[in-house]
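Novice: Keeping their order, the protein sequence lines are chains R and P.
Residue 7 is where the first sequence starts when you use the numbering used here, and the numbers rise one by one after that.
Residue 7 is where the second sequence starts when you use the numbering used here, and the numbers rise one by one after that.
Derived by calculation from the structure, the hints in this document are not laboratory data.
Some hints could be false.
Which copy is meant is left open, because identical chains are indistinguishable; a pair holds if it fits in one copy or across any two.
Listed below are the simulated DSS-like cross-link pairs for lysine-lysine, each with C-alpha atoms no more than 27 Å apart in a straight line [stated by the list, open to error]:
{"no.": "1", "residue 1": "Lys153", "residue 2": "Lys287"}
{"no.": "2", "residue 1": "Lys365", "residue 2": "Lys73"}
{"no.": "3", "residue 1": "Lys153", "residue 2": "Lys381"}
{"no.": "4", "residue 1": "Lys381", "residue 2": "Lys412"}
{"no.": "5", "residue 1": "Lys153", "residue 2": "Lys412"}
{"no.": "6", "residue 1": "Lys365", "residue 2": "Lys145"}
{"no.": "7", "residue 1": "Lys412", "residue 2": "Lys162"}
2 protein chains.
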Amino acid sequence: MSQPNAAEKMERSKEPYISPYMPKYPDPMSNISSFKIIESTLREGEQFANAFFDTAKKIEIAKALDKIGVDYLELTSPAASEQSRNDCTAIANLGLNAKILTHVRCHMDDAKLAIATGVDGLDVVIGTSSYLREFSHGKDMDYITAKAIEVISFIKASGLEVRFSTEDSFRSDLVDLLSIYKAVDKIGVTRVGIADTVGCANPRQVYELVKTLRSVVSCDIECHFHNDTGCAIANAYAALEAGATHIDTSVLGIGERNGITPLGGLLARMYAADKAYVMGKYDLTAIREVENIVADAVEVTIPFNNYITGYCAFTHKAGIHAKAILNNPSTYEILNPQDFGLTRYVSIGHRLTGWNAVKNRVEQLNLGLTDDDAKRVTVKIKELADVRPLSLDDVDTLLRTYLQAKNEGVHTHFLDNIDTPDQITKLAT
Amino acid sequence: MSQPNAAEKMERSKEPYISPYMPKYPDPMSNISSFKIIESTLREGEQFANAFFDTAKKIEIAKALDKIGVDYLELTSPAASEQSRNDCTAIANLGLNAKILTHVRCHMDDAKLAIATGVDGLDVVIGTSSYLREFSHGKDMDYITAKAIEVISFIKASGLEVRFSTEDSFRSDLVDLLSIYKAVDKIGVTRVGIADTVGCANPRQVYELVKTLRSVVSCDIECHFHNDTGCAIANAYAALEAGATHIDTSVLGIGERNGITPLGGLLARMYAADKAYVMGKYDLTAIREVENIVADAVEVTIPFNNYITGYCAFTHKAGIHAKAILNNPSTYEILNPQDFGLTRYVSIGHRLTGWNAVKNRVEQLNLGLTDDDAKRVTVKIKELADVRPLSLDDVDTLLRTYLQAKNEGVHTHFLDNIDTPDQITKLAT
Chain R
7 MSQPNAAEKM ERSKEPYISP YMPKYPDPMS NISSFKIIES TLREGEQFAN
57 AFFDTAKKIE IAKALDKIGV DYLELTSPAA SEQSRNDCTA IANLGLNAKI
107 LTHVRCHMDD AKLAIATGVD GLDVVIGTSS YLREFSHGKD MDYITAKAIE
157 VISFIKASGL EVRFSTEDSF RSDLVDLLSI YKAVDKIGVT RVGIADTVGC
207 ANPRQVYELV KTLRSVVSCD IECHFHNDTG CAIANAYAAL EAGATHIDTS
257 VLGIGERNGI TPLGGLLARM YAADKAYVMG KYDLTAIREV ENIVADAVEV
307 TIPFNNYITG YCAFTHKAGI HAKAILNNPS TYEILNPQDF GLTRYVSIGH
357 RLTGWNAVKN RVEQLNLGLT DDDAKRVTVK IKELADVRPL SLDDVDTLLR
407 TYLQAKNEGV HTHFLDNIDT PDQITKLAT
Chain P
7 MSQPNAAEKM ERSKEPYISP YMPKYPDPMS NISSFKIIES TLREGEQFAN
57 AFFDTAKKIE IAKALDKIGV DYLELTSPAA SEQSRNDCTA IANLGLNAKI
107 LTHVRCHMDD AKLAIATGVD GLDVVIGTSS YLREFSHGKD MDYITAKAIE
157 VISFIKASGL EVRFSTEDSF RSDLVDLLSI YKAVDKIGVT RVGIADTVGC
207 ANPRQVYELV KTLRSVVSCD IECHFHNDTG CAIANAYAAL EAGATHIDTS
257 VLGIGERNGI TPLGGLLARM YAADKAYVMG KYDLTAIREV ENIVADAVEV
307 TIPFNNYITG YCAFTHKAGI HAKAILNNPS TYEILNPQDF GLTRYVSIGH
357 RLTGWNAVKN RVEQLNLGLT DDDAKRVTVK IKELADVRPL SLDDVDTLLR
407 TYLQAKNEGV HTHFLDNIDT PDQITKLAT
């Protein structure tokens, strides 16, 4: 392979993200560039405090997720209620590109009910931590293993995909965990799952556990991370580095308590790691729509600081940031807003502003002021913004009126006579 | 040291978090149990799109943060505007327990201005990535190093703490980075800082860089992480594992774009890692107050999924979760809500409910119904909740009216005759 020439290097240097810290020698088992998404808004998301999806809403959400291109949709167990069962059947029959899964307890009755709905696969789960064995189902590991083998064999015989997951994996005994995963791998389970059910795991722990598991089983590895302590996205990334293949997400991260790895946040992280893979496989411009549908359905406001679609995700404010962003967006942006169907906003009417940002606005408005003019107006903006922030309209008015005053040769006098932001607002009227 | 007896083991098993996955052999340089917080709501937070704090609001925020017990407060540079300078002086003179820092460019003018305000220390910053060197300040590494030594020596001579940080550290050349950190460490800088200015770093990268840096400098190491790709909390944790000493935070994570490591989220993570250290040093019950003050000041709603204080952080919904939580909260809770001055809520009026949760409510209301009664009412709740979720009032009405019917010997008939949630609501009136 030939070395890139200077022009190619220059082209590459304009890419939104080329990090000298991206691993030159990636983890041998890494699936950063080949991961799959199991979207669980219609299962984990239904466990969010506010969630109540009727059939029509579930179908709307399923279609919006299918438009993004997620690999799987996971649905609430048909054993949960009569309507849940009917909804499994309805969504399995929509003919979506995404494969349809439903999430069931490790019981034969649940498995039979689920298979009858026409889904593509079953996600089977049982708790293995001492906490859950003592305070939830009360079963020991021999019982769990025997049960798992019975249920998995039955599902496999029906020709469906089957995943076997433990619950609360990070508080389970390591030898117990590896033993049961090895046993189910041996009988041909499609995937094994690791779940940080309480949100206690951290990335280096996750990396170690997945790496160890990767050497024990030959099937795919799915990971499910709760976000109680803020690591749900980072844990998903560490899991993929160590060889996990599938990540569970939900729209806006909704789920039990404060939820799980959010779909949008995971896509932001993976875009930073392998933009070509993510953009080739998923429609990132469709994220905003499904977030709006789900936020509306569960009656929450999209967080101000939400990944990608939060209203300030692409707003730049400090003068030093604004200046560099105007020169080259990659300086302070790892995500290119256009790739997500969004736009950048550089805020300039505040006391942290800088003259380069103001000069950029002068050019946008085609006012033909000099650098010296921009500097003088910037000093005035900072002074006024100590009283209150100026709107972009205020800044524009100030610049236009300054130009007018300059043309009349009275611009120094003009600036000296403005003492409050309100005076500018009045100038506009 | 003697082995714990059975009773002691039982006591310990009730602790909110004892993980078999906590490292038995922790990283030798780890500061998980000795970290410090540099709270930057009044600097990074002021760069948030909506932020405009007047002097009174800054003082209110500073006092609320001091109540939590954060180690440092970082303020906007006095060079930003006249009011910013006056505010530095005012807050430096409040007599808070927290040390007061201000954040300045690597310029002698800025340093002089800052020293004159009476702060305890200066956080000096300059960009070292090729992006920033090309598109922001245009300086080379020799210039940067010489400038850094000049400014740091000057600040040290005045007797103040001085931190030297690069900007965009994760896209800087590793040799450049280590060279400049080594040079400033040699002349006695108090701390060096690493900043993920664009939010591109991931935890294992962070761990590697901090670990390498830890072997190069003998001073403290501060880390600053943006959250564009969802790793700001996890990166802070990985940095502490590798030997970093100080983490930058802001209330609700407010800052440029979607912000940095949030104070509450970091405290949740560190509580999970070392509850004794965190609870011994910080007043966790004061988090909610400062979040309310800041959210109000910058006119945002606290995100529904916010760490600790989000309204659903301690809400449990699925039947299987609710059952276990009622037996032992540690099963599904890594954070004990009481430690944060908050309470737990178990949601039961929905189709994912389970009879154990319903039975628990029976006991809370002291209704004296049997397990069999609880199971029968649960089946009815699931059926009705397929139409719409029931409020807790609805569930209570159903239970009370069922008891009444049972006392009259007509409870089977009673349940059979309820077909819609609205009938229950009417029963209450």
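Novice: With reference to the structure, classify each hint as holding or not holding.
Specialist: Hint check results:
With identical chains, the CA atoms of Lys153 and Lys287 are never at most 27 Å apart, being 37 Å at best within one copy and 47 Å at best between copies. For the identical chains of this complex, Lys365 and Lys73 are neighbours neither inside a copy (41 Å) nor across copies (42 Å), given an alpha-carbon limit of 27 Å. With identical chains, the CA atoms of Lys153 and Lys381 are at most 27 Å apart between copies only, with a shortest distance of 25 Å across copies and 74 Å within one. In the homo-oligomer, the alpha carbons of Lys381 and Lys412 lie at most 27 Å apart inside one protomer (14 Å), although the nearest pairing across protomers, at 82 Å, exceeds that limit.
For the homomeric pair Lys153 and Lys412, neither the shortest alpha-carbon distance inside one copy (85 Å) nor that between copies (39 Å) is at most 27 Å. For the identical chains of this complex, Lys365 and Lys145 are inter-copy neighbours only, at 22 Å across copies versus 70 Å inside a copy, given an alpha-carbon limit of 27 Å. Taking the closest pair of Cα atoms, Lys412 and Lys162 never come within 27 Å of each other, the shortest separation being 81 Å inside a single copy and 46 Å across copies.
Checked against the numbered hints listed earlier, the structure breaks hints 1, 2, 5 and 7; every other hint is satisfied.
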